[in-house]
Amino acid sequence: MLSRTADNLFWLSRYVERAESLARILETTQRLAALPSAYGGKTNEWESAVETAGVAPAFFSKHEEANNETVVSYLVFDRDNPSSILNCFETARHNARSVRTALTMEMWEAINGAWLELRRTPDRKLAGEELTRFLGWVKEIGLRFDGSASRTMLRNDIYDFSRLGMLLERADNTARILDVKYHLLLPDEGEVGGGLDYYQWSAILRAVSAVTSYHWVYRQSLKPWLVADLLILNDQLPRSLAACYGQLVRHLDELARAYGRQGPAQRLARATRSGLENAEIKQIFQGGLHEFITSFICDNNRLGLAIHEQYLA
Amino acid sequence: MPAATFDEMTLPDGSVREAYGQLAEWLSTAPADLLDYRVKEAELLFRRIGITFAVYGDAQAQERLIPFDIIPRILTNPEWVTLKAGLEQRVKALNMYISDVYGKREILKAGIVPNELVFQNAAFRPEMAGKAPPHDLWVHIAGIDIVRVDAETFYVLEDNARTPSGVSYMLENREVMIRLFPELFSRHRVAPVERYADELLATLRSIAPRSSSSEPTIVLLTPGVYNSAYYEHSFLADKLGIELVEGRDLFVRDDVVYMRTTEGPKRVDVIYRRLDDEFLDPLVFRPDSALGVPGLVSAYHAGNVTLTNAIGTGVADDKAIYSYMPEIIRFYLGTEPLLKNVPTHRCREPEALKYVLDHLEELVVKEVHGSGGYGMLVGPHATKEQIELFRAKLNASPAGFIAQPTLALSTCPTYVDQGVAPRHVDLRPFVLTGTDEVRIVPGGLTRVAMKEGSLVVNSSQGGGTKDTWVLDT
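Chains as they are written, first to last, in our numbering: chain P, 256 to 568; chain C, 75 to 547.
None of these hints come from the bench; they were simulated from the model.
It is possible that some hints are incorrect.
[Said to hold, decoys possible] Covered stretches of chain P, going by a simulated chain C footprint (3 or more residues, C-beta under 8 Å):
hint: 1; segment: 258 to 272
hint: 2; segment: 347 to 357
[Said to hold, decoys possible] Non-contacting residues of chain P with respect to chain C, defined by C-beta distances greater than 10 Å in every case (computed):
hint: 3; residue: F315
hint: 4; residue: S316
hint: 5; residue: T376
hint: 6; residue: E395
hint: 7; residue: D412
hint: 8; residue: H470
hint: 9; residue: A526
hint: 10; residue: Q541
hint: 11; residue: T549
Note that this is a predicted model, so its numbers are computed, not measured.
In this text, a Cβ means the ideal position worked out from N, Cα and C, and glycines have one as well.
Can you build the whole structure from these sequences, using the hints too?
What follows is the structure in structure tokens.
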């Protein structure tokens with residue numbers, strides 16, 4: 256297939272995934288920000304949303320304060336923010352249009368429908384119930400796109416490239432969610448402390464749709480290091496780093512088999528996966544969670560570059 | 075003023091022409107809200123599939139739907155047989171003419187076409203002089219615009235020998251009609267048009283360079299997503315099962331064209347290009363073109379790649395050459411043209427110019443190189459100011475214009491705000507010429523002027539389209 260087509264597919268899936276992640280981040284933020292201020296104290300949830308999205312410097316060069324209004328406006332509608340939900344869908348749709356022939360009708364309709372709908376949504380101040388409804392809608396688009404991809408696409412290189420984009424983005428997002436809250440994740444075997452902590456913890460799980468999963472996997476109350484274990488090392492959780500890398504390796508292997516050639520991308524992905532397979536959460540905490548995540552995000556970016564050089568350029 | 079308008083369904087005495095019998099009956103019994111409902115459904119289908127086109131200079135409507143009219147236009151089999159023979163003849167002559175103009179130039183030596191119409195034509199490509207494309211075939215895909223004035227008479231209005239567009243509408247219109255009006259299809263034997271993609275693929279395969287493998291790689295070259303016909307490009311690539319490439323996806327090495335793929339370079343044999351000559355190769359044509367492929371023309375001259383259509387075919391399809399088509403057909407084929415030309419005044423000739431200036435209120439004046447309905451004067455519908463503007467333009471550069479009598483284009487029943495009413499139509503059949511045979515799917519794209527009385531059917535000017543039925547007998 257054309258390198259440009261593969262590149263478009265890769266980024267198309269990345270942007271849809273990114274829009275969905277942003278919706279999840281905003282959803283949990285909205286929840287936390289709604290807590291009685293007795294729990295809240297000093298933390299500013301809206302500020303931490305901007306950090307998780309990885310756009311803090313650009314945000315603060317435009318807005319003085321992070322609050323519901325400024326953050327929603329920046330993360331959802333702002334055209335100057337290349338990763339705003341609006342721009343994600345805009346870019347995804349643009350890419351989809353240039354690779355129409357590689358998409359199934361269902362995938363095209365999911366993305367084109369979202370774009371048409373969003374264009375009808377005026378740039379307004381979303382808050383409260385309206386915001387909740389809107390974020391629910393964004394997540395549904397992600398589900399619809401992902402679902403139609405897995406239900407209707409041929410299992411060939413087109414499929415592999417679109418999955419690679421989604422998985423890289425997903426791993427990046429899970430890592431960032433953890434990183435922003437890492438100061439709460441003390442390597443303490445004890446129970447979660449006060450009410451605020453409890454809500455923060457469950458917010459992390461909620462951001463990756465894993466509240467129920469946590470209880471099924473560990474069958475005990477929320478413990479910080481178990482939350483980290485779930486999100487980093489447990490390959491049963493679809494958004495965990497381990498699960499993303501298991502899948503990344505699989506799709507890269509498919510490509511290598513189809514094209515008859517292994518390359519740097521395959522080697523890098525396997526190295527990261529074995530790192531995750533052999534790691535234990537205790538060690539990770541000993542070496543520093545923040546350091547671990549930072550180095551993971553670096554490796555993840557490096558894999559993105561390797562895929563680009565090997566296939567997409 | 076022109077004679078009475080011919081309506082393809084209803085005769086002046088109120089009786090219905092045979093081909094339209096079933097349709098007229100269906101229309102008279104269909105409840106009004108049913109039609110309304112189907113119109114909405116059709117719009118929804120088009121919007122969802124994403125068939126849109128961009129109008130240049132209209133930023134608001136970057137993606138707009140071409141109005142689709144749900145009432146089909148019907149041609150009988152005998153009508154089609156006549157048209158088809160005329161189309162084949164015309165495209166054959168076009169091919170021979172272009173080959174001659176870039177080759178021996180016999181038609182110029184014989185004094186039939188004036189030299190300056192060829193050599194001063196902006197679409198003439200000196201780079202092609204003395205060169206022949208693979209198989210000496212030039213126009214593989216032609217769109218010939220036809221209008222009708224009465225039960226027997228069809229005229230050719232225009233030849234499109236560069237990159238005619240609109241075929242995706244022909245195919246999608248049929249698809250939508252079958253989904254919306256199965257009951258109408260069960261009452262008629264409508265000749266299928268779905269074969270077009272197969273026919274086009276067979277044509278493209280047949281013209282692959284002789285040096286290519288038995289499984290030639292064919293691609294469609296598009297200027298990109300911002301082109302007004304991008305939808306059509308992606309639609310066709312999909313139907314044909316070929317890659318949709320942009321200039322940057324291709325490169326030339328040792329006079330061979332390759333595309334960049336995830337598995338490395340892959341040789342390309344046939345390029346169905348929807349890119350104008352000037353943009354094809356920055357080394358030969360416009361150096362600022364970022365849409366083309368450096369070295370492409372050299373690979374083309376080396377005979378390693380076929381371009382569809384060939385470079386330089388525009389020399390045959392401007393409106394000044396149009397007026398010579400009857401002579402061109404006689405010269406190469408030794409037969410009378412089967413399809414008529416609209417009588418055309420060439421303003422470059424002083425006597426014709428005088429006549430045109432004296433009769434501007436009655437005539438249609440067109441720019442020789444114009445297209446898309448831009449730069450055109452429809453005398454009977456024009457204001458005094460518009461007429462005076464054209465008078466000045468004509469005096470300034472007469473050779474840039476031709477004029478034709480205002481034809482009474484036929485009308486077809488069309489569903490508009492006021493209900494079912496007659497609207498003027500034309501027809502663009504698509505003629506495919508391969509090394510093996512000429513292929514024309516029955517029908518073509520019917521364009522309809524949605525405004526009452528309007529004669530301008532171009533989509534860029536608010537025209538719509540209809541499904542075109544050729545009835546099998």
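Now for the hints, and whether the structure bears them out:
1. Under a criterion of three residues with beta carbons nearer than 8 Å to beta carbons of chain C, the stated coverage of the segment 258 to 272 of chain P is upheld, 4 such residues being counted.
2. Proximity of the segment 347 to 357 of chain P to chain C, defined as three or more residues with a beta carbon under 8 Å from a beta carbon of that chain, is established by the 5 residues found.
3. The non-interface label for F315 of chain P is consistent with chain C: the shortest C-beta to C-beta separation is roughly 33 Å, beyond 10 Å.
4. For S316 of chain P, the shortest C-beta to C-beta distance to chain C comes to about 29 Å, beyond the 10 Å cut-off, and the non-interface label holds.
5. Non-interface status of T376 of chain P relative to chain C is upheld: no Cβ of that chain comes within 10 Å, the nearest being about 17 Å off.
6. Remark: the non-interface label on E395 of chain P is consistent with the geometry, its nearest Cβ contact in chain C lying 17 Å away (cut-off 10 Å).
7. For D412 of chain P, the condition that its CB be more than 10 Å from all CB atoms of chain C is violated, with the nearest at approximately 6 Å.
8. Listed as a non-interface residue, H470 of chain P keeps its Cβ farther than 10 Å from every Cβ of chain C; the least gap is roughly 41 Å.
9. With a cut of 10 Å on Cβ distances, A526 of chain P stays outside the contact zone with chain C, its closest approach being about 22 Å.
10. The claim that Q541 of chain P is not at the interface with chain C holds, since no C-beta of that chain comes within 10 Å of its own (minimum 42 Å).
11. At the 10 Å boundary, the C-beta of T549 of chain P stays outside the reach of chain C, the nearest C-beta of that chain being 31 Å off.
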